[in-house]
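If you're matching them up, the sequences are chains A and B in order. Using my numbering, read the first sequence as starting at 225 and increasing by one per residue. Using my numbering, read the second sequence as starting at 216 and increasing by one per residue.
These are calculated hints, taken from the structure and not from any lab test. Certain hints may be false.
Unchecked claim - Which residues of chain A face chain B? A partial, calculated answer using Cβ under 7 angstroms:
no.	residue
1	Gly282
2	Ala429
3	Asp435
4	Ser439
5	Val440
6	Gly442
7	Leu445
8	Ala451
9	Pro454
10	Arg526
Beta carbons are placed, not taken as given, at the ideal position from N, Cα and C, and that holds for glycine.
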Amino acid sequence: MTAVNPTDDPAYRLFQQRFGALRRSRQTESLLTLAAVVLLFVIAAVWTDFSPEQIANGIPRIGEYFGKLFSIEPKGSAGPVGVLAVPHLFGGVKEPQSIAYWFYRIGTYAALLWQTIEMAILATALGFGAAFALSFPATHTFVGNRAVVFVTRRLLEMMRTIPQVVLAFILVWPFGIGPLAGILAIAVHTTGTLGKLFCELNENADLRPVDGIRSVGGSWLAQIRFAVVPQVLPGFLSYALLRFEINVRSSTIIGFVGAGGIGQELKRVIGFNIYEEVSAIVILILLIVVAIDLISEQIRHRFIGAAA
Amino acid sequence: MLQLVDLTRRFGDKRAVDRVSLSIGDGEMVGVIGRSGAGKSTLLRLINRLIDPSEGKIVFDGTDVAALRGKDLRAWRARTAMIFQQFNLVNRLDVLTNVMCGRLYDIPAPRVLLKWFTPTERALAIQALDRLGMADVAMNRADALSGGQQQRVAIARALMQRPKIVLADEPIASLDPLNAKLVMDALADINRRDGITVLTNLHTLDTARAYCRRIIGMSAGRVVYDGAPAGLTDHVLRDIYGQNAHETLDERLTSTSLPTAALAALAG
Ligand SMILES: Nc1ncnc2c1ncn2[C@@H]1O[C@H](COP(=O)(O)OP(=O)(O)O)[C@@H](O)[C@H]1O
Ligand SMILES: [Mg+2]
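For reference, chain A alone in the conformation it holds in the complex (with noise of 0.2 angstroms):
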């Protein structure tokens, strides 16, 4: 027997001469969608001046900046010298170029960092709450009718796309400067966000058990409460820490617009070119929220593993 060239093959022929223009035109259908994707990219870029050379142009001062940030220039020195130095790392207060030195205010840095956490908690879980109940009614496949799920879902959507800084602006004007309107803030576009996660979970949910408590003359509620809440809970709460590392760090930035907490200060320092008090406070951060992180990464793993 002889090889066959497999594109010699009649079914092969068989298949072009009956699918080939489809595939042809799938093949041209992603060619143009690729297309409309650079374009797009190319003329967003033209739009934000996003220029290869004021990147370049940039990227040098950004060093200048930290090197700003990191250091001090203490009385009676002739310049600036880095923030830390061995010989002095452990020396007082009064010691510049010493960890007692650099932060000293480290009392009021963490007062204020952990009112920021504060606000992520009680932010979380204000938005945690009003998403869940929001849920329901935006799936679907819960509800026949269609009205309720529209309108549950353009409010959602309203309250994730308002950005929350502009939020936060609008509502310190009737509570006030001050966390309260940072918390609530957050809480809204949190219950944005969350309600349209959550959603998408109670689509993936198994309607079987719904069908079974549904059989058994079970309200709208008792097949929520029932069937639906003990599947899906635990990745509700698996988004939910998520969330709340992220509203850590939106309501370190809310701080900015008056809204209290660590951001408050940091513009502060900020406005006065304290920059070793800047690095300070943007270690701080950093520190706590990496450790955010790692303590609901363990969470989370657990919840996606237990049972409701």
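Fit chain B with the ligands to the given chain A structure using the hints.
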């Protein structure tokens, strides 16, 4: 007595159940047979009102069930317990809670939200489980059980409803022969001892013959046979399963869903 009058359910242009008229007396055990897509599941779901009829009536003891809404509808569902091929338990809840779910119609909303059951409800659930030989696994998660065990939990849940009618949709189609027999025996026992009407779809003819004194054959949404197992002649079976169904027919007649010894014992 349950009466269906010209009961019809359409999905688009298709009539899944087509002008079915039947009358089923209290305490009967009726088997429904027919090929896949004949409308058996739709018929049972119509009776339980999991789906709404397009036309026709469902009358139980003088009330038109097809017109029920809201709380009355839920009361009706509570009286007509449903057993599903895939068990439809809540996997992540324990067996005891699954069984207590059978009482959900009577439980007020605050208790539903808190998932709070009374000691009486717990005791009733244990009784029901015990009757099915499942009290030992009451605290296990439902999805930790075998299919046969899950189906018996589903029957215990049905008993908790104190139903007038049990509707079983191919209850043994996913089970091995031994468990299939346990489940069919449990349904027969409920029927005999509690006087509960049992209407069950069955995918194998021999099971229907062994357990039911009345068999309803469906084809393309219509009832094409209604009578004793003895009347299921080759001719009638071809009406039910179709002209070109010799192979499937042989398979159905000699199905392995029940051990032959068990069948012989039942027949004797
Ligand atoms: N929800 C539905 N939507 C559309 N068609 C359906 C639906 N449920 C059942 N059908 C159709 O109705 C017919 C009867 O289905 P079914 O009652 O499940 O049959 P059986 O249980 O006898 O196999 C089938 O043709 C099926 O495709
Ligand atoms: Mg079916």
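Taking the hints in turn, this is what the structure says about them:
| no. | hint | result |
| --- | --- | --- |
| 1 | Gly282 | 52 angstroms, violated |
| 2 | Ala429 | 11 angstroms, violated |
| 3 | Asp435 | 5 angstroms, holds |
| 4 | Ser439 | 4 angstroms, holds |
| 5 | Val440 | 5 angstroms, holds |
| 6 | Gly442 | 4 angstroms, holds |
| 7 | Leu445 | 6 angstroms, holds |
| 8 | Ala451 | 6 angstroms, holds |
| 9 | Pro454 | 4 angstroms, holds |
| 10 | Arg526 | 15 angstroms, violated |
In terms of the numbered hints stated before, the structure departs from hints 1, 2 and 10, listed from lowest to highest.
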